[in-house]
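K.L.:
Heads up: the protein sequence lines correspond to chains X and S, in order.
Here the numbering used here is used: position 93 in the first sequence is 93, and no number is missing along the way.
Every position in the second sequence, counted from 1, becomes a number in the numbering used here once 110 is added.
Hint data in this document are derived by calculation from the structure and do not stem from the laboratory.
Just so you know, not all the hints are guaranteed correct.
Only pairs whose alpha carbons sit at most 25 Å apart, straight line, appear in this in silico DSS-like list of lysine-lysine [said to hold, decoys possible]:
1. X:Lys3 <-> X:Lys41
2. X:Lys97 <-> S:Lys127
3. S:Lys179 <-> X:Lys68
4. X:Lys97 <-> S:Lys181
5. S:Lys179 <-> S:Lys167
6. X:Lys3 <-> S:Lys181
Predicted model, so just to flag it, every value in this text is computed and none were measured.
One-letter residues, chain by chain:
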Amino acid sequence: EDKVVQSPLSLVVHEGDTVTLNCSYEVTNFRSLLWYKQEKKAPTFLFMLTSSGIEKKSGRLSSILDKKELFSILNITATQTGDSAVYLCAVESGTYKYIFGTGTRLKVLA
Amino acid sequence: EAQVTQNPRYLITVTGKKLTVTCSQNMNHEYMSWYRQDPGLGLRQIYYSMNVEVTDKGDVPEGYKVSRKEKRNFPLILESPSPNQTSLYFCASSLRRPTLNTEAFFGQGTRLTVV
């Protein structure tokens, strides 16, 4: 059965800290891995990863994929209160089918 | 403004009364999908559509139907809703498969309660 597991489930940090969120997966036909940020309602797209070892960066956020060990990490440096959200990892397994993890809830304290 | 619009945003209904949640996108996207989000289970894909008249089941299709008669609309139909379909539903769209570096846009969600 296809599975995506995120860890930790929840964490609380102070502004300025760096956090690393993990996403591991077991899927039958991996095509891509996506990260989303979900604040109040709709998830918003962050990154899509298809190749191992190539870091994607957007401001203070970065992500990398390891297809051999079947995981990805999302790093957030110099965290701000606006980074507080649930971060979702999704894997495309086969064609058009997306398996989501349960998310990591991040709270950044001022 | 590029957006995915779901209606209604909130709905409380009774068991067995057919309902439709609409989803419309104004970006001429080919790919659309429905998800439900439940505590501890994350987002689970219900149905998806690759283009007009092309739909397929996701992970949890039981109790749901969809149709894609026009590119912009992808309604989710619950013929006989049951309490276990109480959930937060999201519609998403993208130009092509999100694996082709195209961003997926999500609607604002529909919170459905079936009593």
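K.L.:
Look at each hint and say if it fits the structure.
P.N.:
Going down the list of hints, with the structure as the test:
no. : hint                  : verdict
1   : X:Lys3 <-> X:Lys41    : 24 Å, holds
2   : X:Lys97 <-> S:Lys127  : 29 Å, violated
3   : S:Lys179 <-> X:Lys68  : 41 Å, violated
4   : X:Lys97 <-> S:Lys181  : 19 Å, holds
5   : S:Lys179 <-> S:Lys167 : 17 Å, holds
6   : X:Lys3 <-> S:Lys181   : 31 Å, violated
This entry does not satisfy hints 2, 3, 6, going by the numbered hints stated previously.
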